[in-house]
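Use these hints to put chain B onto chain A, whose structure you have.
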Amino acid sequence: MKITLKVWRQKNKDTKGEFKTYQHDHVSADMSFLEMIDVLNESLIKKGEEPIAFDHDCREGICGMCSLYINGRPHGPLQTTTCQLHMRSFKDGQTITVEPWRAKAFPVIRDLIVDRTAFERIQQAGGYVSVNTGGIPDANAIIIPKKIADEAMDAATCIGCGACVAACKNSSAMLFVSAKVSQFALLPQGKPERAERAEKMVAQMDDEGFGACTNTGACEAECPKGISLTNIARMNREYFGAMLASYEVEVKGGD
Amino acid sequence: MKLDSKIPEGPLAEKWTKHKFNLKLVNPANKRKYEVIVVGTGLAGASAAASLGELGYNVKAFCFQDSPRRAHSIAAQGGINAAKNYQNDGDSVFRLFYDTIKGGDYRSREGNVYRLAETSVSIIDQCVAQGVPFAREYGGLLANRSFGGAQVSRTFYARGQTGQQLLLGAYSALNRQIANGKVKIYNRTEMLDVVIVDGKARGIITRDLVTGKIESHSAHAVVLATGGYGNVFFLSTNAKGSNVTAAWRAHKKGAMFGNPCFTQIHPTCIPVSGDHQSKLTLMSESLRNDGRVWVPKTAKPGLKSIDAVKLPEAERDYFLERKYPSFGNLVPRDVASRNAKQMCDEGRGVGSGLAVFLDFADAIKRDGEDTIRAKYGNLFDMYQQITGENPYKGPMMIYPAVHYTMGGLWVDYNLMTTVPGMYALGEANFSDHGANRLGASALMQGLADGYFVIPYTIGDYLASIGWNDKVGTDHPAFKEAIDKVNTTVNKLINIKGKKTVDEFHRQLGLTMWEYCGMSRSEEGLKKAKKIIQDIKSEFWSNVNVLGGANELNQELEKAGRVADFIELGELMVDDALSRSESCGGHFREESQTPEGEALRKDDDYAFVSAWEFKGENQPEELHKEELRFENVKLTQRSYK
Numbered sequence: 027m028k029i030t031l032k033v034w035r036q037k038n039k040d041t042k043g044e045f046k047t048y049q050h051d052h053v054s055a056d057m058s059f060l061e062m063i064d065v066l067n068e069s070l071i072k073k074g075e076e077p078i079a080f081d082h083d084c085r086e087g088i089c090g091m092c093s094l095y096i097n098g099r100p101h102g103p104l105q106t107t108t109c110q111l112h113m114r115s116f117k118d119g120q121t122i123t124v125e126p127w128r129a130k131a132f133p134v135i136r137d138l139i140v141d142r143t144a145f146e147r148i149q150q151a152g153g154y155v156s157v158n159t160g161g162i163p164d165a166n167a168i169i170i171p172k173k174i175a176d177e178a179m180d181a182a183t184c185i186g187c188g189a190c191v192a193a194c195k196n197s198s199a200m201l202f203v204s205a206k207v208s209q210f211a212l213l214p215q216g217k218p219e220r221a222e223r224a225e226k227m228v229a230q231m232d233d234e235g236f237g238a239c240t241n242t243g244a245c246e247a248e249c250p251k252g253i254s255l256t257n258i259a260r261m262n263r264e265y266f267g268a269m270l271a272s273y274e275v276e277v278k279g280g281d
Numbered sequence: 039m040k041l042d043s044k045i046p047e048g049p050l051a052e053k054w055t056k057h058k059f060n061l062k063l064v065n066p067a068n069k070r071k072y073e074v075i076v077v078g079t080g081l082a083g084a085s086a087a088a089s090l091g092e093l094g095y096n097v098k099a100f101c102f103q104d105s106p107r108r109a110h111s112i113a114a115q116g117g118i119n120a121a122k123n124y125q126n127d128g129d130s131v132f133r134l135f136y137d138t139i140k141g142g143d144y145r146s147r148e149g150n151v152y153r154l155a156e157t158s159v160s161i162i163d164q165c166v167a168q169g170v171p172f173a174r175e176y177g178g179l180l181a182n183r184s185f186g187g188a189q190v191s192r193t194f195y196a197r198g199q200t201g202q203q204l205l206l207g208a209y210s211a212l213n214r215q216i217a218n219g220k221v222k223i224y225n226r227t228e229m230l231d232v233v234i235v236d237g238k239a240r241g242i243i244t245r246d247l248v249t250g251k252i253e254s255h256s257a258h259a260v261v262l263a264t265g266g267y268g269n270v271f272f273l274s275t276n277a278k279g280s281n282v283t284a285a286w287r288a289h290k291k292g293a294m295f296g297n298p299c300f301t302q303i304h305p306t307c308i309p310v311s312g313d314h315q316s317k318l319t320l321m322s323e324s325l326r327n328d329g330r331v332w333v334p335k336t337a338k339p340g341l342k343s344i345d346a347v348k349l350p351e352a353e354r355d356y357f358l359e360r361k362y363p364s365f366g367n368l369v370p371r372d373v374a375s376r377n378a379k380q381m382c383d384e385g386r387g388v389g390s391g392l393a394v395f396l397d398f399a400d401a402i403k404r405d406g407e408d409t410i411r412a413k414y415g416n417l418f419d420m421y422q423q424i425t426g427e428n429p430y431k432g433p434m435m436i437y438p439a440v441h442y443t444m445g446g447l448w449v450d451y452n453l454m455t456t457v458p459g460m461y462a463l464g465e466a467n468f469s470d471h472g473a474n475r476l477g478a479s480a481l482m483q484g485l486a487d488g489y490f491v492i493p494y495t496i497g498d499y500l501a502s503i504g505w506n507d508k509v510g511t512d513h514p515a516f517k518e519a520i521d522k523v524n525t526t527v528n529k530l531i532n533i534k535g536k537k538t539v540d541e542f543h544r545q546l547g548l549t550m551w552e553y554c555g556m557s558r559s560e561e562g563l564k565k566a567k568k569i570i571q572d573i574k575s576e577f578w579s580n581v582n583v584l585g586g587a588n589e590l591n592q593e594l595e596k597a598g599r600v601a602d603f604i605e606l607g608e609l610m611v612d613d614a615l616s617r618s619e620s621c622g623g624h625f626r627e628e629s630q631t632p633e634g635e636a637l638r639k640d641d642d643y644a645f646v647s648a649w650e651f652k653g654e655n656q657p658e659e660l661h662k663e664e665l666r667f668e669n670v671k672l673t674q675r676s677y678k
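Which chain is which? The protein sequence lines are A and B, in order. Residue numbering for the first sequence follows the numbering used here, beginning at 27 and increasing consecutively. Residue numbering for the second sequence follows the numbering used here, beginning at 39 and increasing consecutively.
It cannot be assumed that every hint is accurate.
Said to hold, decoys possible - Straight-line Cα separation of at most 20 Å, EDC-like style, residue types lysine to aspartate or glutamate; simulated pairs: (1) K72(A) with E541(B); (2) K222(B) with D141(A); (3) K537(B) with D64(A); (4) K72(A) with D313(B); (5) K536(B) with D64(A); (6) K537(B) with E68(A); (7) K72(A) with E576(B); (8) K62(B) with D507(B).
Quick caveat, the hints were computed from the structure, so don't treat them as lab data.
Okay, chain B solo, but in the shape it has when bound:
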């Protein structure tokens, strides 16, 4: 199978405009004859479902939470990028494009990234019109701040709750369509399979999480906006419910998986406090605007925050400022994380040994405590709540944690997966961030995909198949899929083994973090593959899921998700093994510059890895989509 990215020909700046003109349209009166399923109600899903409903399509939207507003986009803190150049500091669509391509370490498509930068400006307009209360200057105009990997201020924000406000905006648009009858919402409902007939996506199989009922839903197209898979590491900044199940089951039905090993480790998270830890909490990257990252020059094991204040300047190593004078504390996330790990590996970590300081003393001295409180108050409160320490009195302790997955379902320029009629949006796809995502770009991509890309591209597909090309839920393929889902559910309940679902999940997470986390080597990855295979076989013979299938059963929900994470984990390891270069967040110990930076091998690896499922317990097949760069020159990324 040959991968066709469908990137339009022609100059970069004209591709999207030209493509939009070439896409087929569905007549307004015919839109009501089509049904579209949208799974997931985060920024990408809610904005897509609302926009498609506004256009006149009949939409069914699904979320596993009790409300669309709970989707994990809600937790994004820092902001959203847009090339508005409101600050007159030299920003432009091309600069945002360039920063994003470079930030992604040249492993994303020029065409996609340029479109993202281009649509970014409309996103801000849209959100403001919805009543999203972005931060403003005294004159009443919108305020901006800077984020990592950029030297301009292009990040729009709503205190430290930007994701919340943007999601509530999309949620309000979704609610309006629900009230209008154009969107039907199914909450506490989880997608467990996708149904494919004659090579096209025709619907999904779901489980009602309250009654346990397995149901079929048919449609002309299926849109997956189901988020990322960071929870494969067990501990991550993702919500507890975030999972790969929808994407993974789509993968097993023919959708290729792009760059699964590209994981973002966020540098500023609250360190692990004990074995009971259930998730990790992010401290927004925006803190690096004012906070300075440091460790002691010589190892001081167990150094606490309250004692750090007394350590003289001469004995501190502000390692990011020292190594990267031009970007300083605002280097991209992969660089900041790797350096923090390096300091801890050298034995200069503080607290438990797996932490570095993020210090606001200078900023407080310069701007006053009130100014810092106004900017970051909620984050400081959260830090104090979790750690019991006051960050106004001593530096915060931070350590990298899994935060985002750049990898995801492979999609073409239209956001269609390798299964016709099935689309993937937002973090669920692999498309725009290459090997490392810049801060404040996830919100941008989710909303670009949902508000401004899918409404155009899905019409092209729907117009080409026609409204009569639909398969009802009475088709044998739906019955077969329901039976398969029921079999899996009953199998999980009837194993009645000795270990809990969480025990397997933790074991998988530790393995992934150790061997497929911030640093990866051939030897470690090979070891991990073996361990994961063992976890898988033990899981299916020794997991203990209590309760029944026909009731609310949270252990059963978790079990299904962990089963999928285990399989995904193995594919991530295979992907990391096959890419023996370093790029962005994927750091192969065998491939580094003399200074220890990620060393790309453009001649061998300037491609997207797209993996094709070949059957249970069979090795997956790797397909390569060559990346062509016509507008940027590939260079060793430098933030010095």
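The shape of chain A in the complex, shown without the other chains:
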């Protein structure tokens, strides 16, 4: 296959970026998208040009490190991660545009690499159950109906790649945040801190500069792990519940 690539190149966060066009004549249908860039990079180095920087690690669709906005879609035409996208999904002679995730909360570091530490701070705000190591009762002392466990697992499969933010016209992180809030809201282990968790994680999300959710569903459509919009509805419920609960506490405190 032969393809034309238009790739975003940007030296660092402080410089202006631009698209550069590369003709790539040595593409095999069996290559993954990232392997296609590897081959291009090797040829760039041979020509004395600096290779294209991009994030990647496991290359099996689970670490969430790879990104890339390909022809206007996060992770490209399939509902999968970029590392699992193969060149057989493209046509010979096609022009492919590759950009980094675009969102205010994800500043570009270099070329196709963005800074996703906003996600870290959201998780640090409440994405956990407050238990220390040790002194735990037997695992089977907690009985969890299979249906609930399965639903929690569906939410827990989020890989934190940020495709939901990149897909959203408002750059909203609601799908990402709601996946964690849902997992713990569903499970008995997460119940004691559910209200506080929802409040803190949502507050951090707002602080980071992510946009609001207007229910377009683009995030769900592009999520490589099929995280459902239901989680957003659940998070909204958790959040409003938390707001009401904290109001009640305040009223009682005033008596």
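Just chain B now, with coordinates in the frame of chain A:
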């Protein structure tokens, strides 16, 4: 130097309890006076950093990825073993211990392995409490499945994403400590050296991968949880970033390297498709619960999956079931891999010739496609995504690939390396899996080390040195280490040769796979040593690293790692040469039974090889730690 494993005396089942009592404690109010560095945030690193933070120590945690959650533990699929005996099928701590010692072909320590089995039960409790959504039965209790090398069902799992869920559990505990201010996290930061003063580990030198800045960090102790070195083979199931650099540089500063040649080749990976291949993808061992492995009885070169369906039963050789009737398709990984290679060497390989079938037709007929989809759906999807073939319609094609390294930094029972104050956890150490690791045991070991071993053992060291025994980053040793790191970085950038870093890495990988992979011989290893030395000298005169040192530079990162892989590769070859027996994943062609199984030589080789660095381009010195077996009888491993 004499190696002291510090295995406590006394009956096997009492060693750990007794040892925990004998370890010194740090008073809760004094813990805040200590600083600990943890490098790596996979299962071992994240669980250690979180647990140490909970105890009150001040922790600095480092990862080279953009988030601790990306560490490659995330990719473990199948499950985690624990001796819970929830299935009432005869499991016990002793049985898990026994299976693991036997599975490791009697090249691990009894004391360590027993402790691992003992702590396994607490790991499951811990993870459930954190909200890890393990698979459950309809009654709401935890579900189990079986894995290779065991005849009981003791593997806990979360679909085919167990590593992900366990890591996210440890990551959540880590995040809680970050929020509490007890752990400070440094992401996109790579450790490039360790600093030793007065014979003790005092800190590390790092490079900020975004700005290129070289920095010093001091602490009372340094914990390395930096994973394995399977990427020395270039193609492996490891993540692209997985590397040996932290461990290797620690080795060059005095930490001995244990059993470097012990490599696990995983039998069920997707075969190589072309020269562009950048990594190999594993298909979980759990697939062997329902999948049957076969090749045609007579060579059928190029046989494809769609045509295989039509091949009559009588013309198929289910070689694992034929040769090992009692374990069948669930023989341990080393045995399954070697047999697949043997079939391909006989010319009976399918597809490219370097593949065998893994067939689900019988399971689908027996249980229905929906049941199989519920169990392995994500794996089947992944297979289809990568190969473009539908595994529900025809058998998968699989071939062995490098997956895990049992070898690693030598540690004693406290997980301390030969450098006081420096510890190694998880895959980065050599300790628990002997010459072959059983499936679902890596997650167990990583979490055992991080949650339940290091929190006890590090206290003993810290209490013994006292909080005043700390060296600041203004000490000349830090300055010297920074200068050395800068020199190496600048040297790499200024070679400006003709070959790319990847070209060297591929060449090294091919050499290792050919001569130090699934099958090793004296002649081949000697040849490999020469080739690797040539690669090394060419690398340092002809590598081309573009870009600068003070910016994000992925070629520079790779170059440093490949330089270390080259040196490690030579040590692996030396180690494989020095061990002229076969054991587990280390198969020396000169040492096999009449049936072609690995033949151990217990009289000569029942020891751990610990290698000591003696200076650049000097041969390393081999130290031997004798292995004593008091509770198991050494036998020829049989899965027939």
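Comparing the hints with the structure gives:
1. K72(A) with E541(B): 11 Å, holds
2. K222(B) with D141(A): Distance ~18 Å between K222(B) and D141(A) Cα, so the pair holds.
3. K537(B) with D64(A): 15 Å, holds
4. K72(A) with D313(B): It holds: about 17 Å lies between the C-alpha atoms, which stays within 20 Å.
5. K536(B) with D64(A): 17 Å, holds
6. K537(B) with E68(A): 10 Å, holds
7. K72(A) with E576(B): 17 Å, holds
8. K62(B) with D507(B): 16 Å, holds
Violation of the numbered hints given earlier is absent; every hint is satisfied by the structure.
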